[in-house]
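Using our numbering, count along the sequence shown one by one with no gaps and you end on 138.
If you're looking for bench data, these hints aren't it; they were derived computationally from the structure. Just so we're clear, the structure is a prediction, and the values are computed from it rather than from any experiment. Incorrect hints may appear among the rest.
[As the list claims (entries may be wrong)] Here are the simulated DSS-like cross-link-like pairs (lysine-lysine), alpha carbons at most 27 Å apart as the crow flies:
no., residue 1, residue 2
1, Lys127, Lys48
2, Lys113, Lys88
3, Lys113, Lys98
4, Lys88, Lys48
5, Lys48, Lys98
6, Lys48, Lys113
7, Lys98, Lys88
8, Lys127, Lys98
9, Lys127, Lys88
10, Lys113, Lys127
[Stated by the list, open to error] Cβ pair distances, simulated, as ranges:
no., residue 1, residue 2, range
11, Arg49, Arg93, 14 to 24 Å
12, Gly85, Thr135, 15 to 25 Å
13, Val27, Arg93, 42 to 52 Å
14, Glu109, Thr84, 16 to 26 Å
Backbone N, C-alpha and C fix where the C-beta goes; we use that ideal spot for every residue, glycine too.
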Amino acid sequence: MFNSVGDSVDEALLESIDGLVTAISIEIDKRRPIPEASMLEAGEYIVTLPILVVMKAALHNAMVETGTRKADLARRLGQKGPQIDRLLDVEHSSKVEVVELALHQLNRKLDIVVNTTLHH
19 MFNSVGDSVD EALLESIDGL VTAISIEIDK RRPIPEASML EAGEYIVTLP ILVVMKAALH
79 NAMVETGTRK ADLARRLGQK GPQIDRLLDV EHSSKVEVVE LALHQLNRKL DIVVNTTLHH
């Protein structure tokens with residue numbers, strides 16, 4: 019559960035995105051798994067995170083689950099350590115293709131769903 023405030027529901031939801039991105043960044047820095055979203059309960063709203071943040075969280079979780087170190091992933095991708103640090107940095111605008119390739123190296127694939135937006 020995550021609480022956020024704003025002058026309107028939309029404003030509060032926008033604020034919650036920043037809070038969740040910060041929380042994900044902290045979990046990545048501490049090398050802790052990032053939990054999946056919980057089931058929606060009455061009175062709660064869905065917060066949609068930027069796709070690149072979701073991909074980086076998935077990459078981090080895949081590394082934790084498989085015991086893959088940054089150096090191991092760097093070797094598999096033919097890159098250096100700092101490049102992997104940026105790949106996991108939710109504030110860095112990495113190329114989607116590179117994150118997707120890193121996920122593929124850890125036997126993960128993306129399934130993207132596009133839905134219509136519901137306004138509050």
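Legend entry - Distance restraint between Lys88 and Lys48, which requires alpha-carbon spacing of 27 Å or less: Cα-Cα ~14 Å, so holds.
Inset, instruction - Compare the distance between the alpha carbons of Lys127 and Lys88 with 27 Å, and conclude whether the hinted pair is satisfied. - result: Holds, because 19 Å separates the two Cα atoms, which is no more than 27 Å.
Legend entry - Pair hint outcome, Lys127 versus Lys48 [Cα-Cα no greater than 27 Å]: Cα-Cα ~25 Å, so holds.
Inset, instruction - State, for the Cβ atoms of Glu109 and Thr84, whether the hinted interval 16 to 26 Å holds or is violated. - result: holds, 24 Å
Legend entry - Pairwise hint evaluation, Lys98 against Lys113, where the allowed Cα distance is 27 Å at most: Measuring from Cα to Cα gives roughly 16 Å; hence the hint holds.
Inset, instruction - Starting from Lys127, check that the Cα of Lys98 is at most 27 Å away, please. - result: holds, 23 Å
Inset, instruction - Starting from Lys48, check that the Cα of Lys113 is at most 27 Å away, please. - result: Given that 27 Å is the threshold and the Cα spacing comes to 24 Å, the pair holds.
Legend entry - Hint consistency between Lys113 and Lys127 [alpha-carbon to alpha-carbon, up to 27 Å]: Within the cut-off at roughly 16 Å; holds.
Legend entry - Pair hint Lys113 and Lys88, alpha-carbon separation not exceeding 27 Å: At roughly 18 Å apart (the allowed maximum being 27 Å), Lys88 and Lys113 satisfy the hint.
Inset, instruction - With respect to the beta-carbon atoms only, verify the hint that Val27 and Arg93 lie 42 to 52 Å apart. - result: holds, 46 Å
Inset, instruction - Take a quick look at whether Lys48 and Lys98 sit within 27 Å of each other, Cα to Cα. - result: Between Lys48 and Lys98 the Cα gap is close to 21 Å, so the pair holds against 27 Å.
Legend entry - Pairwise hint evaluation, Lys88 against Lys98, where the allowed Cα distance is 27 Å at most: It holds: about 9 Å lies between the C-alpha atoms, which stays within 27 Å.
Taken one by one, the earlier hints fail for this structure only at number 12.
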